[in-house]
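Sequence order for the protein chains is G and Y. Each residue of the first sequence is one higher than the one before, counting from 1 in the working numbering. Each residue of the second sequence is one higher than the one before, counting from 1001 in the working numbering.
Some hints here could point you the wrong way.
Looking from chain G toward chain Y, a few residues come up when the C-beta cut is under 8 Å (computed) [claimed, not checked]:
no.: 1; residue: Val29
no.: 2; residue: Ala35
no.: 3; residue: Asn38
no.: 4; residue: His135
no.: 5; residue: Gln155
no.: 6; residue: Glu160
no.: 7; residue: Leu161
Under the rule of at most 27 Å between Cα atoms (straight-line distance), these lysine-lysine pairs were calculated in the DSSO-like manner [unchecked claim]:
no.: 8; chain 1: G; residue 1: Lys127; chain 2: Y; residue 2: Lys1079
no.: 9; chain 1: Y; residue 1: Lys1033; chain 2: G; residue 2: Lys204
no.: 10; chain 1: Y; residue 1: Lys1023; chain 2: G; residue 2: Lys196
no.: 11; chain 1: G; residue 1: Lys124; chain 2: Y; residue 2: Lys1079
no.: 12; chain 1: G; residue 1: Lys223; chain 2: G; residue 2: Lys176
no.: 13; chain 1: G; residue 1: Lys127; chain 2: Y; residue 2: Lys1017
Ranges between beta-carbon positions, derived for each pair [what the hints assert, rightly or not]:
no.: 14; chain 1: G; residue 1: Thr172; chain 2: Y; residue 2: Ser1059; range: 54 to 60 Å
no.: 15; chain 1: G; residue 1: Thr112; chain 2: Y; residue 2: Thr1094; range: 42 to 48 Å
no.: 16; chain 1: Y; residue 1: Glu1074; chain 2: G; residue 2: Leu30; range: 37 to 43 Å
no.: 17; chain 1: Y; residue 1: Asp1068; chain 2: G; residue 2: Glu22; range: 46 to 52 Å
no.: 18; chain 1: Y; residue 1: Lys1033; chain 2: G; residue 2: Thr206; range: 54 to 60 Å
The hints are simulated quantities; they were obtained by calculation from the structure and are not laboratory data. Where is the CB? At the ideal position from N, CA and C, for every residue including glycine.
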Amino acid sequence: MLFNYLLRIADTNLIMSHRLSEWCGHGPVLEEDLALTNTALDLMGMANSLLQYAAKVEGKGRTEDDLAFLRREREFFNTYLSEQPNGDYAFTIMRSFLHDAFDFHFYTQLQTSKDETLAALASKSLKEATYHLRHTSTWVQRLGDGTEESHQRTQKALNELWRFTDDMFDTTDDDKKLIADGIAADLQIVKANWQKTVTEVLSKATLQIPAAAFMQLGSRTGKHTEYLGYLLAEMQHLHRAYPGAKW
Amino acid sequence: MSNDTQGALWEVFVQTKPGQPHKHCGSVHAHDKEMALQNARDLYTRRNEGTSLWVIPSSQIISSSPEDLGAFFEPANDKIFRHPTFYVLPKEITHM
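Work out the full structure, taking the sequences as your base and the hints as a guide.
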């Protein structure tokens, strides 16, 4: 139960980190290239710690590398949002912003978890998430309230990504038990805070939240969009081709 | 410069510890001051280099020119009495 909950958080960090690392060497300017890869490294660090902890909780002798590189698509529990391809810069920024606003409020709640390891990891990540959110919310405002073209691209990104936002707050019955036990973060509270932040920033950015639309749910139980398989093929290739490779 | 879309140049100053001076460490491109500050943070403090940052538009820095060399700096060459080498400093003073 806790194992699966840890995978949800770890996988979202891992997959988002991989997506951001795809920008390495391709950022629009040197400074942003480095900013995105800095964030990717923060997320990777969190994924690493959480997968280590998950492996320990599972108690079957698997390592964090086994969990990252030897699971299949349906055994990953990352959010739909995190696996979406980078698109243009506005798309990447919007995807990160929606995610970072979640992370910020999520870790704020998780800090008070009765699970001491989770609480400690949450406090550490909250500092990083605070910066990530600051970085992406200023970019959302800059692009949304920028030129006609940047506004249009950012609005389009928001329209395309919005249907994946409810998915971040999806919970299984096991999650609900963990929430009741004070171990997992209460996603109802996270959602209310997330909506507040997102509404505020998007309104400053002169962007319109899409009117009530279809919301795609399912990643919490291991369902994915068609993009995750390709991402895993690339991410896991080396480890599968050279099992146990070290550097 | 008309094709340059990376923004204006900003000079970055990092303070390594509270109480120490902010030292120039390089520059970044940015379109506004918040972006300049964030870019400076991402480029120059990622290995624990600092506790405080300043960014200043490069265009706002007034600099002496090479022609000033003689008039500005050479007159100090023969004024050794301006160096604090003629008296003993207390041990506690470490940042002279």
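Hint-by-hint comparison with the structure:
1. Val29: 4 Å, holds
2. Ala35: OK, holds: Ala35 of chain G within 8 Å of chain Y, min 4 Å.
3. Asn38: Hint holds; Asn38 of chain G Cβ to chain Y Cβ min 5 Å, cut 8 Å.
4. His135: Hint on His135 of chain G: holds, closest Cβ of chain Y at ~6 Å, below 8 Å.
5. Gln155: 20 Å, violated
6. Glu160: 25 Å, violated
7. Leu161: Leu161 of chain G check fails; min Cβ-Cβ to chain Y is 23 Å, beyond 8 Å.
8. G:Lys127 x Y:Lys1079: 52 Å, violated
9. Y:Lys1033 x G:Lys204: 18 Å, holds
10. Y:Lys1023 x G:Lys196: Violated, at roughly 39 Å.
11. G:Lys124 x Y:Lys1079: At roughly 54 Å apart (the allowed maximum being 27 Å), Lys1079 of chain Y and Lys124 of chain G break the hint.
12. G:Lys223 x G:Lys176: 19 Å, holds
13. G:Lys127 x Y:Lys1017: Given that 27 Å is the threshold and the Cα spacing comes to 20 Å, the pair holds.
14. G:Thr172 x Y:Ser1059: 54 to 60 Å: 56 Å, holds
15. G:Thr112 x Y:Thr1094: 42 to 48 Å: 44 Å, holds
16. Y:Glu1074 x G:Leu30: 37 to 43 Å: Holds - the Cβ-Cβ distance for Glu1074 of chain Y and Leu30 of chain G, about 39 Å, lies within 37 to 43 Å.
17. Y:Asp1068 x G:Glu22: 46 to 52 Å: 49 Å, holds
18. Y:Lys1033 x G:Thr206: 54 to 60 Å: At roughly 20 Å between Cβ atoms, Thr206 of chain G and Lys1033 of chain Y fall outside 54 to 60 Å, so the hint is violated.
In the structure shown, a violation is registered for the earlier hints numbered 5, 6, 7, 8, 10, 11 and 18, in ascending order.
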